[in-house]
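S.K.: Residues per chain are reported as follows:
2 protein chains.
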Amino acid sequence: MEVKKSLGLAVIGCGTVGGAVISQVLNQKAYLTERTGLNLQLLAVVQRSGSTTAARKGIDPKLITENLDEVLQNPAVDIVVELIGGTTTARDSILKSLAAGKHVVTANKALLAQHGAELFAAARKAGKALSFEASCAGGIPIVQTLLSGLAANRIEALYGIVNGTCNYILTEMIRKGTSYAEALAEAQAAGLAEADPTLDVSGGDSAHKLAILSALAFGKKIKFDDIPVQGINNLEVMDVNFGRELGFVIKLLAVAQRKENTLSLRVRPAFIWEDHPLAWISGPFNAVSVYGSAVGHTMYYGRGAGGSPTASAVLADIIATGLGCSQAWFDNLSLWPDVTEPAVQLPVEEIESRYYLRLMLEDKPGILGRVAEILGEYNISISSALQKELPPDRVDKEGVPFVITTHLAREGNVTQAMKKIESLPAVLEPGVIINIIDEHAEAF
Amino acid sequence: MEVKKSLGLAVIGCGTVGGAVISQVLNQKAYLTERTGLNLQLLAVVQRSGSTTAARKGIDPKLITENLDEVLQNPAVDIVVELIGGTTTARDSILKSLAAGKHVVTANKALLAQHGAELFAAARKAGKALSFEASCAGGIPIVQTLLSGLAANRIEALYGIVNGTCNYILTEMIRKGTSYAEALAEAQAAGLAEADPTLDVSGGDSAHKLAILSALAFGKKIKFDDIPVQGINNLEVMDVNFGRELGFVIKLLAVAQRKENTLSLRVRPAFIWEDHPLAWISGPFNAVSVYGSAVGHTMYYGRGAGGSPTASAVLADIIATGLGCSQAWFDNLSLWPDVTEPAVQLPVEEIESRYYLRLMLEDKPGILGRVAEILGEYNISISSALQKELPPDRVDKEGVPFVITTHLAREGNVTQAMKKIESLPAVLEPGVIINIIDEHAEAF
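Protein chains in written order, with the working numbering: chain A, 1 to 444; chain B, 1 to 444.
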């Protein structure tokens with residue numbers, strides 16, 4: 001067991017992920033040295049004033065401090081690992097650490113999605129590496145795969161199930177036919193959803209990850225605020241089931257599609273064919289499908305959250321930094337938002353997709369013809385149409401559900417057509433619009 | 001588009017993969033430079049005397065040569081890419097190239113599985129890197145994932161569908177109920193099986209990949225000849241279907257399981273539960289499931305063969321070599337068979353698994369009791385037992401098929417018990433033994 005290099009670590013934050021990182025560094029010390037030649041030395045655990053978390057986790061009190069500045073003055077600290085989350089203190093801590101000549105490893109997706117360019121510029125100025133494998137899809141090494149494993153590919157599209165909370169809720173809705181509210185309550189009981197689940201179920205967390213992964217996949221600066229985002233919180237189980245009957249599975253997808261030089265980015269509950277590998281991803285698991293010009297379809301699957309899987313990704317970054325790979329990637333690849341051109345992101349109205357539309361109609365003659373006519377006015381071509389029965393939980397309601405699937409259409413046209421359809425007196429409720437995504441189907 | 005480093009390449013072999021690599025280097029030159037900062041320069045294409053392949057592919061005649069020695073004298077050549085396959089000329093070429101101070105990239109699984117230690121020792125002596133992403137699972141970046149993405153994990157087990165020909169044949173047998181012979185003929189017609197498919201269908205090719213992946217996953221030297229290997233060529237569709245009725249899907253699996261310090265390695269047609277992600281892998285696709293101590297279950301999916309996907313992996317190695325990562329991994333990680341301890345590989349008799357046993361019995365009383373008695377003598381505990389009807393294609397035969405699934409048992413006991421059972425007069429044919437693998441099932 002030869003030590004080839006010692007690496008001093010300071011970890012900021014000692015929550016679920018921070019605790020797991022520290023525990024892996026301490027408990028697997030010999031194994032990590034044997035495997036990597038690196039002697040990882042935990043030199044400090046920084047936490048906010050008054051916190052007792054680190055002490056309660058049994059960390060040596062001599063290592064615990066509230067004073068980041070002091071830690072940064074220690075020349076033995078090579079890498080600062082930021083695991084507090086949020087976009088204020090975390091941002092300051094990372095900027096300070098880089099300025100002090102430390103490499104930084106972070107799991108902070110919100111911060112990178114919104115302030116990536118600033119942080120990478122600071123890293124470049126300092127001549128240090130900023131790594132973030134754990135920011136996307138937990139333990140799945142998707143960042144290193146985009147940086148290195150698929151480096152020779154021009155990425156055509158990327159589809160991610162990158163929020164385990166949402167995937168768990170949707171899996172419950174699909175399998176048990178429970179409502180969104182019931183499935184959410186179950187997820188909370190199982191510890192798979194926060195008490196306030198907004199960031200997850202609204203799609204915001206998925207959008208953070210989509211921004212980070214798209215920047216790497218396409219080598220363009222992504223404007224996070226321009227990504228259209230829709231969550232699963234308004235999804236009705238009726239639609240989940242109607243889609244299922246048509247051969248579709250509902251997933252909250254982070255979608256990035258390249259059409260020549262434009263990118264179509266969005267987070268949406270979307271129907272995918274039941275034989276697409278992403279349709280199989282159940283419960284809290286994550287998966288990312290990447291379509292490369294040379295490699296074709298690849299998919300990466302694993303746990304997208306949790307202390308230990310996320311710590312696996314943080315440690316991978318620490319090791320890659322220790323071996324010099326993070327620096328080599330950062331210095332040479334032109335994928336970093338401080339040096340890349342802004343992406344041409346399609347405005348939401350111009351996104352093209354197939355659509356599932358569901359209406360609640362009064363059961364009277366002529367109305368369907370009128371709906372079809374309006375869709376035609378907006379250049380929306382119908383692929384299939386079927387009238388359904390009211391599901392048991394809706395029999396108190398009036399009307400009949402009517403489902404239409406379309407061929408490729410512009411989203412702007414679809415929302416305008418729906419508005420017009422909703423104004424018909426025979427249309428009893430606002431219509432439902434769900435993306436159908438089957439552009440990269442594989443048959444063999 | 002800033003060139004940060006020029007990299008001279010010599011490619012040996014211009015077949016399917018060689019041709020695809022050359023085409024990607026030449027046709028994507030600007031894109032690769034833009035993305036990686038590397039200017040990849042194709043300096044020579046080495047092929048055997050008399051071959052016209054390179055010329056027919058339109059490669060500049062000035063680059064084509066039969067003389068490797070001359071190419072190696074060119075100081076501008078940084079990397080030699082070996083893509084001729086086989087274990088004789090390829091071995092010589094790699095040893096020569098390393099001795100001449102060139103980095104080497106290869107896709108040659110047979111060579112690495114059988115002569116890995118020698119080749120890595122030569123690379124170490126030369127201070128150069130030997131990379132081989134394309135040797136396992138085609139375009140899936142599984143080697144880099146084991147080297148880097150999962151570096152902090154102690155790997156518990158690895159299960160691979162790493163031969164697309166076999167997976168295509170099995171998918172046909174499962175979906176259409178065709179016999180092995182018919183499915184093989186279809187695979188050949190579809191260009192997915194060689195005219196002589198022996199290396200694929202016998203499991204030999206999967207064993208090569210298993211040896212390479214296990215060496216990296218567990219950091220031990222693997223004795224290739226000690227890996228028990230069974231192919232799909234004797235598989236009866238009857239058993240595929242009986243297993244299906246029990247909730248199992250048949251796959252040709254490359255299996256590596258760690259139990260403390262021993263490794264249980266084997267290539268086997270095996271039954272896995274239909275809800276395991278590997279059960280979903282259809283047609284010519286490959287996938288590798290890796291269970292890590294920190295990350296839990298991860299899976300990597302993609303095309304395991306074909307010129308363009310394999311070239312994606314070769315290019316990934318070329319880029320990682322150009323950026324210095326290959327060298328950093330090779331110098332620091334203790335996973336290379338020239339420096340690792342030999343693995344303690346369990347002899348085949350000591351492998352523990354669950355088993356599917358199928359007998360053809362005369363339909364007379366008492367015989368089942370006798371079979372159960374013999375299994376008991378060998379400490380084999382029965383999990384389920386069911387008598388089946390003869391399938392339509394076997395109604396000319398006598399007897400009734402009888403299927404037993406066992407709890408965990410030692411393979412030596414199972415084969416001995418089967419031998420004794422086969423000697424009973426009421427047993428009409430040799431019995432069928434198939435592994436059932438469900439050790440790492442995940443439920444949620």
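Derived from the structure by calculation, the hints contain no laboratory data. One should not assume that every hint holds.
If chains are identical, the list can't say which one is meant, so a pair holds when it fits in one copy or spans any two.
Taking lysine-lysine and the DSS-like style, the derived pairs with C-alpha atoms no more than 27 Å apart in a straight line are [said to hold, decoys possible]:
no., residue 1, residue 2
1, LYS220, LYS29
2, LYS419, LYS397
3, LYS223, LYS176
4, LYS125, LYS57
5, LYS29, LYS259
From a predicted model like this one, the values you see are computed outputs, not experimental measurements.
S.K.: Would you mind marking each hint as holding or not holding in the structure?
M.R.: Going down the list of hints, with the structure as the test:
For a Cα distance limit of 27 Å, the shortest separation of LYS220 from LYS29 across copies, 19 Å, qualifies, whereas the shortest one inside one copy, 38 Å, does not. Taking CA atoms no more than 27 Å apart as the test, LYS419 paired with LYS397 passes inside one copy only; the shortest distance there is 21 Å, against 68 Å between copies. For the homomeric pair LYS223 and LYS176, neither the shortest alpha-carbon distance inside one copy (38 Å) nor that between copies (49 Å) is at most 27 Å. For the homomeric pair LYS125 and LYS57, neither the shortest alpha-carbon distance inside one copy (36 Å) nor that between copies (46 Å) is at most 27 Å.
In this homomeric assembly, LYS29 and LYS259 come within 27 Å of each other (Cα to Cα) only across copies, at 21 Å, whereas the closest approach inside a single copy is 47 Å.
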